[in-house]
Amino acid sequence: SASPGVIALFQPSTFHRDLDSYMENVAEGMRHEYEAIVAAGLILQIDAPDLGLGRHMMYAESSEAEFIRRAEIHVEILNYALRNVPADRVRMHICWGNYEGPHTHDVPLAAVLPTLLKAKPRSLLFEASNPRHAHEWTAWADTVIPDDYVLIPGCLDTTTNFVEHPELVAQRIERFAGIVGAERVVAGTDCGFSTFAGFGAVDPAIAWAKLGALVEGAAIASRRLAG
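Following my numbering, the numbering of the sequence shown begins with 9 at its first residue and continues without gaps.
Since the hints were derived computationally from the structure, they do not count as laboratory data.
Yeah, the Cβ is synthetic: ideal placement off N, Cα and C, and Gly gets one too.
Honestly, I wouldn't trust all of these hints.
Said to hold, decoys possible - Restraint ranges, calculated between C-beta atoms of paired labels, are given here:
{"hint": "1", "residue 1": "R232", "residue 2": "A142", "range": "16 to 22 Å"}
{"hint": "2", "residue 1": "G109", "residue 2": "V194", "range": "23 to 29 Å"}
{"hint": "3", "residue 1": "A147", "residue 2": "H113", "range": "16 to 22 Å"}
{"hint": "4", "residue 1": "R231", "residue 2": "H113", "range": "39 to 45 Å"}
{"hint": "5", "residue 1": "L219", "residue 2": "D28", "range": "36 to 42 Å"}
{"hint": "6", "residue 1": "D28", "residue 2": "G49", "range": "31 to 37 Å"}
Based on the provided sequences and hints, a complete structural model is requested.
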């Protein structure tokens with residue numbers, strides 16, 4: 009389900025007096041969707057690329073410090089929308105744009121991580137495999153992470169047709185398990201394999217092969233981490 013911030017990013021308003029009032033109105037509307045999903049017995053996943061991608065789109069002319077201040081507001085508004093949703097029933101996805109490109113203007117994970125940890129969801133899905141962000145696993149080692157926080161690192165690059173070796177997937181999982189413990193790591197993907205209809209860089213058959221490698225790699229890591 010979309011965050012108020014990402015809705016504002018891709019569907020800007022010319023009616024509201026300012027961005028914050030628009031996001032607040034969106035938050036109140038989306039609150040009903042969030043609560044209905046959880047009431048149906050499902051885990052709610054919030055899509056919040058505004059906290060990553062938003063840096064070089066919505067706030068491209070701002071300084072990094074200004075973006076962080078704005079991201080804090082995005083998180084506050086999201087938390088308001090989630091006020092009736094239990095923290096352990098919701099997880100959040102952040103990314104810097106699911107496209108093949110240089111990504112040289114992506115905000116570093118370390119810069120935005122303290123803000124991400126203020127969001128209500130207690131699980132975070134994030135990019136950790138593509139060439140621009142794979143190195144950032146160390147940012148988690150340098151951060152105080154709440155004891156109830158679950159990491160869902162991307163162990164597959166969703167912008168390339170290379171199929172990851174299961175051993176590489178296992179190594180990626182083990183890096184994060186070494187930081188927070190195996191019981192607080194879930195293997196994920198950097199993003200989706202088709203962000204919207206007709207847009208996808210990976211052949212469908214290869215996407216399935218990559219997911220197969222994810223399963224195999226998770227099994228390898230689980231065996232090793234179990235001792």
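Evaluation of the provided hints:
{"no.": "1", "hint": "R232 / A142: 16 to 22 Å", "result": "holds, 20 Å"}
{"no.": "2", "hint": "G109 / V194: 23 to 29 Å", "result": "holds, 27 Å"}
{"no.": "3", "hint": "A147 / H113: 16 to 22 Å", "result": "holds, 18 Å"}
{"no.": "4", "hint": "R231 / H113: 39 to 45 Å", "result": "holds, 40 Å"}
{"no.": "5", "hint": "L219 / D28: 36 to 42 Å", "result": "holds, 39 Å"}
{"no.": "6", "hint": "D28 / G49: 31 to 37 Å", "result": "holds, 33 Å"}
Violated hints: none; the structure is consistent with every hint.
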